[in-house]
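Let the hints inform the model, and build the full structure from the sequences given.
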Amino acid sequence: MTDEILKVEHLNKFYGDWQALHDISFGIKKGEVVTLLGPSGSGKSTLIRTLNGLEEFKDGAIYFQGQKVTPDPKTWQALRQKIGMVFQSYDLFPNLTVMDNILLAPVKVQGRDKEDVRKDALELLDRVELRDHADSYPRQLSGGQKQRIAIVRALAMHPELMLFDEVTASLDPEMVRGVLKIIKELSDRDNMTMIIVTHEMNFAAKIADKVLFLENGKILEETPGKEFFDHPQTARAAEFLNSMDF
Amino acid sequence: MAHSGINVLFEGTNFARLMGGLWTAVWIAGLSLIFGLILGTILGMLRTLKNRVIRFILLLYLEFFRIVPTVVLLFLVYYILPRQFNVNWPAAWMAVLAFTLWVAAEFSDIVRGALESVPEHQRESGLALGLSQWQLFRYVLLPQALQLELPATINLATRVIKTTSLLLMISIMDIINVGQQIIEANNQNYPTGVFWVYGLIFILYFIIDYPLARWAKHLTAKQKD
Chain A
0 MTDEILKVEH LNKFYGDWQA LHDISFGIKK GEVVTLLGPS GSGKSTLIRT
50 LNGLEEFKDG AIYFQGQKVT PDPKTWQALR QKIGMVFQSY DLFPNLTVMD
100 NILLAPVKVQ GRDKEDVRKD ALELLDRVEL RDHADSYPRQ LSGGQKQRIA
150 IVRALAMHPE LMLFDEVTAS LDPEMVRGVL KIIKELSDRD NMTMIIVTHE
200 MNFAAKIADK VLFLENGKIL EETPGKEFFD HPQTARAAEF LNSMDF
Chain B
0 MAHSGINVLF EGTNFARLMG GLWTAVWIAG LSLIFGLILG TILGMLRTLK
50 NRVIRFILLL YLEFFRIVPT VVLLFLVYYI LPRQFNVNWP AAWMAVLAFT
100 LWVAAEFSDI VRGALESVPE HQRESGLALG LSQWQLFRYV LLPQALQLEL
150 PATINLATRV IKTTSLLLMI SIMDIINVGQ QIIEANNQNY PTGVFWVYGL
200 IFILYFIIDY PLARWAKHLT AKQKD
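Chains as they are written, first to last, in numbering that gives the first Met the number 0: chain A, 0 to 245; chain B, 0 to 224.
By construction, these hints were calculated from the structure, which means they are not laboratory data. One thing to keep in mind: the hints can contain errors.
[Claimed, not checked] With beta-carbon atoms standing in for the labels, derived distance ranges:
1) B:Ser131 to A:Tyr62: 20 to 26 Å
2) A:Arg138 to B:Ala220: 16 to 22 Å
3) A:Thr74 to B:Tyr78: 36 to 42 Å
4) B:Phe55 to A:Asp2: 21 to 27 Å
5) A:Asp125 to B:Leu30: 48 to 54 Å
6) B:Phe55 to A:Lys73: 42 to 48 Å
7) B:Phe205 to A:Glu173: 29 to 35 Å
8) A:Gly65 to B:Phe55: 32 to 38 Å
9) B:Glu183 to A:Arg138: 57 to 63 Å
For clarity, every value in this text was computed on a predicted model and none was experimentally measured. Glycine included, each C-beta is placed from N, C-alpha and C at the ideal position.
Shown next, in the form of structure tokens:
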């Protein structure tokens, strides 16, 4: 077994007759950061959602830590404990306090000791500078704060892999920075393996070990991070980068 | 004041009997609501599942209880269960059964609606955390649905309380039945008894239902903010 955490082979996905993903293949090693870039509707979000079973796929295969994933609800439910995901919409549970949001899955799903997880959670909250808000309800927080909590909530599960699906897309510009800083720190300090869908090109350029550039559900190029931003291999990617003019 | 009609209410044990009748109506309504809300919650959850057969059967169940008048339901359980199935419960328990099934049907639709109006990304973020279907319902969806469905639930409760006035149809000594007996027994001495007895019954139902109606209205207004 290599240190490859996730491998995707010849993945095809359809919505009815329309093919959303074409023959997707790529891998990600432990500690690596892969960003998915491309115009809207290129299939980035669909792809990342397929990686933890929120979307079904027609054929092809996904391997997690060398094991082929059988795409049934039970397998996915177990795997999701190792694959954390944060979404665009701040999706904290409004009926629970910040602390209970964080405790829910580790305690109920993983059966860990509540006090241990609480200690864990407080440390994580310290890191995102929100320890004082442990007993607040989500509605009392700003968008950026909610998104930072959502990241903490996913991290409390001790995932092996984190998926970020446009996590800053609906934040006010001034909030974006704080969230991106946390993700960058996760990579630098914790060596977290991550797959990131983003429109923040500056951020992607800083963090990506590898870029997958998608259009119309196909991977047009797979290029090491720095190289992609300096010398994209395809004309389409160059055009895309120019249009983003960062 | 020798012949003021209002005295019919205090003749002998009349007042106590009326209150006893009210209590009968209240406990039948209360128990039916408790059982019906529990059953309705389960049915409502099942109706949000993908299984078409289950959904179809539960939809039939809902439509049946929605279309058939409640008095017919009462007759069905009161006359058919003992004769065809040899179930010989007291009438009050038959009424609880009929009302429970009715409440469960109505409430299942309220629960389904509330569950479906919890945003999809709440469900997804729960799944992404590894919650099972049941845990998702228990910790995420139901608590949020509960808040959405509370006004409709209170309205349902007021309807159930009002509908207890049909209990006399299956010879249960509820407040209406007791009232009628008092009126008939005192017709000679108190020709205006009808007015006073039904007047009191009106006031009692009003005292129970009006606060509930106000509460539901208040909650609805609050949700609109």
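Each hint, compared with the structure:
For serine 131 of chain B paired with tyrosine 62 of chain A, a C-beta distance near 24 Å keeps the hint of 20 to 26 Å intact. At about 19 Å, the beta-carbon gap between arginine 138 of chain A and alanine 220 of chain B stays in the expected band of 16 to 22 Å. Taken as a hint, the range 36 to 42 Å is violated for the pair threonine 74 of chain A and tyrosine 78 of chain B, whose Cβ atoms sit roughly 53 Å apart. Remark: the range hint 21 to 27 Å for phenylalanine 55 of chain B to aspartate 2 of chain A is contradicted by a beta-carbon distance near 50 Å.
Between aspartate 125 of chain A and leucine 30 of chain B the CB atoms are about 51 Å apart, so this pair conforms to the stated range of 48 to 54 Å. For phenylalanine 55 of chain B paired with lysine 73 of chain A, a C-beta distance near 26 Å fails the hint of 42 to 48 Å. For phenylalanine 205 of chain B and glutamate 173 of chain A, the hinted distance range of 29 to 35 Å is not satisfied, since their beta carbons lie about 56 Å from each other. Distance hint check for glycine 65 of chain A and phenylalanine 55 of chain B: the Cβ-Cβ separation is about 43 Å, which falls outside the suggested range of 32 to 38 Å.
Judged by the Cβ atoms, the range 57 to 63 Å given for glutamate 183 of chain B and arginine 138 of chain A holds: they are separated by roughly 59 Å.
Hints 3, 4, 6, 7, 8 from the earlier list are contradicted by this structure; the remaining hints agree with it.
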